[in-house]
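Line order of the protein sequences matches chains A and B. Going by this note's numbering, the first residue of the first sequence is number 9, and it counts up by one from there. Going by this note's numbering, the first residue of the second sequence is number 9, and it counts up by one from there.
No lab work stands behind these hints: they were computed from the structure. Do not take every clue at face value.
Simulated crosslink set (SDA-like; lysine to any residue; CA at most 25 angstroms straight-line) [said to hold, decoys possible]:
| hint | chain 1 | residue 1 | chain 2 | residue 2 |
| --- | --- | --- | --- | --- |
| 1 | B | Lys87 | B | Ala144 |
| 2 | B | Lys26 | A | Gly114 |
| 3 | A | Lys30 | A | Arg70 |
| 4 | A | Lys26 | B | Lys87 |
| 5 | B | Lys148 | B | Gly83 |
| 6 | A | Lys26 | B | Lys74 |
| 7 | B | Lys87 | A | Glu44 |
| 8 | B | Lys26 | A | Trp129 |
| 9 | A | Lys87 | A | Arg70 |
| 10 | B | Lys87 | B | Asp127 |
| 11 | A | Lys30 | B | Gly73 |
| 12 | B | Lys145 | A | Asp96 |
Facing chain A, from chain B, some residues (calculated, C-beta under 7 angstroms) [what the hints assert, rightly or not]:
| hint | residue |
| --- | --- |
| 13 | Gln24 |
| 14 | Lys26 |
| 15 | Phe137 |
Across the chosen pairs, the derived CB separations fall in these ranges [as the list claims (entries may be wrong)]:
| hint | chain 1 | residue 1 | chain 2 | residue 2 | range |
| --- | --- | --- | --- | --- | --- |
| 16 | B | Gly83 | A | Arg70 | 33 to 43 angstroms |
| 17 | B | Gln107 | A | Lys74 | 27 to 37 angstroms |
| 18 | A | Thr128 | B | Lys87 | 15 to 25 angstroms |
Predicted model only: the values in this text are computed from it and were never measured. A virtual CB, placed ideally from N, CA and C, is assigned to each residue, including glycine.
Number of protein chains: 2
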Amino acid sequence: MGDTTIRPEIQSLIDQVKFDDKGLVPCICQDAATGEVLMFAFMNRESLGITLERGLACYYSRSRGKLWLKGESSGHTQKIKDIRLDCDADCLLIKVEQQGAACHTGYRSCFYRHRDAADTWAPDGEPLFSQNEMDAKYGKK
Amino acid sequence: MGDTTIRPEIQSLIDQVKFDDKGLVPCICQDAATGEVLMFAFMNRESLGITLERGLACYYSRSRGKLWLKGESSGHTQKIKDIRLDCDADCLLIKVEQQGAACHTGYRSCFYRHRDAADTWAPDGEPLFSQNEMDAKYGKK
């Protein structure tokens, strides 16, 4: 994955993004068809380059300290339909065609909990996949 | 603003959110009616409490180092329609009724630029307000 060739015009796009002191930029991921916000993660220069060149979302996993081609394990890839930059050039928004579930819990979106009328963070809706199904996808079995 | 009373049930909601080592949590703001992602900012415990109690988006401005009741200067307030928490409890999503423009540039959304066919970050659409109109709203004249 790290051997992806980054063309000069793509390098120029990357150079206009402001990465933080850890070399990261936040990225919001939204379903291109429905507008549902699916997840939130970070990209570094390399993962943004791969995303722009391949047309598939690639993040940087802070917990694992490495590139994270979304769906590489689970098959739940994100095909890029649009990529946007905010006014301060320090946040990205990608609109994607999501395969399966964006969330490792099996819910389509990571934002499956909301403040309900009883003032609790309550799940809203049902997951697409059970935890057992998700564990199998990630080879945890 | 800092004198807003936080009820125990709201304090419990706040206590379940994971703030980072700077005491901040990222927050994605989305138009409740259209699904358009409007902006991205941070909240601290106090601004989240105010948001939950008042039903108006209140962020923490990292550049100004203080609470930021959105629209306080410009009138472009954000009324909360839904507030959601992600699977890791370290990112918020608010769905709002936006007055005017969310972006200080006069565009409705901060994410007004996108990668175009020529591989540049090109504005997509037109601003709601001119820069002069925005300056007037912020008292810059």
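Comparing the hints with the structure gives:
| no. | hint | verdict |
| --- | --- | --- |
| 1 | B/Lys87 with B/Ala144 | holds (23 angstroms) |
| 2 | B/Lys26 with A/Gly114 | holds (21 angstroms) |
| 3 | A/Lys30 with A/Arg70 | holds (10 angstroms) |
| 4 | A/Lys26 with B/Lys87 | violated (30 angstroms) |
| 5 | B/Lys148 with B/Gly83 | holds (14 angstroms) |
| 6 | A/Lys26 with B/Lys74 | holds (22 angstroms) |
| 7 | B/Lys87 with A/Glu44 | holds (19 angstroms) |
| 8 | B/Lys26 with A/Trp129 | holds (13 angstroms) |
| 9 | A/Lys87 with A/Arg70 | holds (22 angstroms) |
| 10 | B/Lys87 with B/Asp127 | violated (36 angstroms) |
| 11 | A/Lys30 with B/Gly73 | holds (20 angstroms) |
| 12 | B/Lys145 with A/Asp96 | holds (20 angstroms) |
| 13 | Gln24 | holds (6 angstroms) |
| 14 | Lys26 | violated (12 angstroms) |
| 15 | Phe137 | violated (13 angstroms) |
| 16 | B/Gly83 with A/Arg70: 33 to 43 angstroms | holds (38 angstroms) |
| 17 | B/Gln107 with A/Lys74: 27 to 37 angstroms | violated (43 angstroms) |
| 18 | A/Thr128 with B/Lys87: 15 to 25 angstroms | holds (22 angstroms) |
Figure legend: structure checked against the earlier numbered hints; hints not met, in rising order: 4, 10, 14, 15, 17.
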